[in-house]
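**Student:** Here is how the chains run, residue by residue.
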Amino acid sequence: MNFYEHTLIARQDVSPSQMKQIQEKYTKIIENNDGDIVKFESWGLMNLSYLIKKNKKGNYLHFKIKGNGSTIKELEKNEKLDKNLLRYLTVKVKKLDLETDYFKKHEDSQKN
Amino acid sequence: MKKRNTKKKSSQNNFSKLSVFQNQKYKFKKKCPLTGKGAPVVDYKNIKLLRRYVSENGKILPSRITSVSLKKQRDLSLSIKRARNLALL
Numbered sequence: 000m001n002f003y004e005h006t007l008i009a010r011q012d013v014s015p016s017q018m019k020q021i022q023e024k025y026t027k028i029i030e031n032n033d034g035d036i037v038k039f040e041s042w043g044l045m046n047l048s049y050l051i052k053k054n055k056k057g058n059y060l061h062f063k064i065k066g067n068g069s070t071i072k073e074l075e076k077n078e079k080l081d082k083n084l085l086r087y088l089t090v091k092v093k094k095l096d097l098e099t100d101y102f103k104k105h106e107d108s109q110k111n
Numbered sequence: 000m001k002k003r004n005t006k007k008k009s010s011q012n013n014f015s016k017l018s019v020f021q022n023q024k025y026k027f028k029k030k031c032p033l034t035g036k037g038a039p040v041v042d043y044k045n046i047k048l049l050r051r052y053v054s055e056n057g058k059i060l061p062s063r064i065t066s067v068s069l070k071k072q073r074d075l076s077l078s079i080k081r082a083r084n085l086a087l088l
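So the protein sequences, as listed, match chains R and Y. Residue numbering for the first sequence follows numbering that gives the first Met the number 0, beginning at 0 and increasing consecutively. Residue numbering for the second sequence follows numbering that gives the first Met the number 0, beginning at 0 and increasing consecutively.
Hints were generated in silico from the structure; no laboratory data involved. Treat the hints with care, as some may be off.
[Unchecked claim] Far from chain Y by the CB rule (all over 12 Å, computed), these chain R residues: (1) Tyr49; (2) Lys56; (3) Leu85; (4) Arg86.
[Unchecked claim] In silico lysine-lysine, DSS-like type, Cα no more than 25 Å apart, as pairs: (5) R:Lys94 x Y:Lys58; (6) R:Lys91 x R:Lys53; (7) Y:Lys80 x R:Lys63; (8) R:Lys79 x Y:Lys80; (9) R:Lys56 x Y:Lys71; (10) Y:Lys36 x Y:Lys70; (11) Y:Lys80 x R:Lys72; (12) Y:Lys30 x R:Lys91; (13) R:Lys53 x Y:Lys36; (14) R:Lys53 x Y:Lys58; (15) Y:Lys58 x R:Lys93; (16) Y:Lys29 x R:Lys94; (17) R:Lys24 x R:Lys76; (18) R:Lys52 x Y:Lys80; (19) Y:Lys80 x R:Lys55; (20) R:Lys93 x Y:Lys36; (21) Y:Lys47 x R:Lys38; (22) R:Lys56 x R:Lys94; (23) Y:Lys29 x R:Lys76; (24) R:Lys65 x R:Lys79; (25) R:Lys93 x Y:Lys80; (26) R:Lys55 x R:Lys82; (27) R:Lys76 x R:Lys91; (28) R:Lys55 x Y:Lys70; (29) R:Lys55 x R:Lys27; (30) R:Lys76 x Y:Lys30; (31) R:Lys55 x R:Lys93; (32) R:Lys94 x R:Lys52; (33) R:Lys56 x R:Lys93; (34) Y:Lys30 x Y:Lys70; (35) Y:Lys47 x R:Lys94; (36) R:Lys91 x R:Lys55; (37) Y:Lys58 x R:Lys19; (38) R:Lys56 x Y:Lys30; (39) R:Lys82 x R:Lys53; (40) R:Lys72 x Y:Lys47.
We treat Cβ as the ideally placed atom computed from N, Cα and C, and that holds for glycine.
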């Protein structure tokens with residue numbers, strides 16, 4: 000079993016209820032492919048630093064996953080086809096740090 | 000009077016350290032700000048930290064300017080590239 004950090008960016012005009020559906024869809028995919036979600040973070044709607052497919056903002060979702068390579072393969076296969084998503088990134092890590100949540104503070108600083 | 004003299008001498012010594020043709024002994028050596036105890040963690044989510052090592056145009060600064068160690072510079076450039084991919088930087 001390996002540890003992964005997985006981040007999604009969904010389009011800006013996706014409604015909150017749709018976001019929940021997206022989140023549930025991918026949690027199901029992970030759990031069906033013998034993966035385990037250790038932690039889920041929603042970073043919310045944030046400004047993109049450059050345009051992606053004419054989107055100025057993006058909805059960020061972040062998963063911390065314990066699973067195999069096949070779990071990630073299945074996840075990314077589904078994400079490639081999803082038109083609601085702009086980007087995704089998977090990073091393999093040796094240890095998951097569950098304490099620091101960088102984007103709670105980040106949001107406040109942006110408002111100011 | 001004596002005190003003044005000593006002060007002048009010390010300032011001159013500092014200037015001599017800054018000269019181009021200096022001896023290796025007297026070079027200023029800064030420590031790497033990312034190694035050692037209590038150093039911040041280099042991570043693609045830690046954007047506040049990464050912003051410091053990027054120029055105004057978004058280029059990665061060379062370690063000769065920031066005095067980051069080689070190992071940490073490799074980590075930095077990797078995590079900056081990850082952050083760019085996620086449109087965080």
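**Student:** Holds or violated: Lys56 of chain R with Lys94 of chain R, Cα cutoff 25 Å?
**Tutor:** At roughly 30 Å apart (the allowed maximum being 25 Å), Lys94 of chain R and Lys56 of chain R break the hint.
**Student:** Please settle this one: Lys56 of chain R was flagged as non-interface, so is its CB more than 12 Å from every CB on chain Y?
**Tutor:** Check fails; 10 Å does not lie beyond 12 Å.
**Student:** Would the pair Lys55 of chain R and Lys70 of chain Y pass a check requiring their Cα atoms to be no farther apart than 25 Å?
**Tutor:** violated (35 Å)
**Student:** For the pair we were handed, Lys30 of chain Y and Lys70 of chain Y, check the Cα-Cα distance against 25 Å.
**Tutor:** Holds - the C-alpha atoms of Lys70 of chain Y and Lys30 of chain Y are around 13 Å apart, at most 25 Å.
**Student:** Quick one, are Lys91 of chain R and Lys53 of chain R close enough, alpha carbons at most 25 Å?
**Tutor:** Violated, because 30 Å separates the two Cα atoms, which is more than 25 Å.
**Student:** Regarding the assertion that Leu85 of chain R does not contact chain Y, is the least Cβ-Cβ distance greater than 12 Å?
**Tutor:** violated (8 Å)
**Student:** Holds or violated: Lys56 of chain R with Lys93 of chain R, Cα cutoff 25 Å?
**Tutor:** violated (31 Å)
**Student:** Are the Cα positions of Lys24 of chain R and Lys76 of chain R separated by 25 Å at most?
**Tutor:** holds (13 Å)
**Student:** So if I understand the rule, the pair passes when the alpha-carbon distance is 25 Å or less; does Lys53 of chain R with Lys36 of chain Y pass?
**Tutor:** Since the Cα atoms of Lys53 of chain R and Lys36 of chain Y sit roughly 44 Å apart, the hinted pair is violated (cutoff 25 Å).
**Student:** Does the alpha-carbon distance linking Lys94 of chain R and Lys52 of chain R stay inside the 25 Å limit?
**Tutor:** violated (34 Å)
**Student:** Is the Cα-Cα distance between Lys36 of chain Y and Lys70 of chain Y 25 Å or less?
**Tutor:** holds (16 Å)
**Student:** With a cut-off of 25 Å on the C-alpha distance, tell me whether Lys29 of chain Y and Lys76 of chain R pass.
**Tutor:** It is violated: about 47 Å lies between the C-alpha atoms, which goes past 25 Å.
The structure does not agree with the numbered hints 1, 2, 3, 4, 5, 6, 9, 12, 13, 15, 16, 22, 23, 28, 29, 30, 31, 32, 33, 36, 37, 38, 40 stated previously, though it agrees with the rest.
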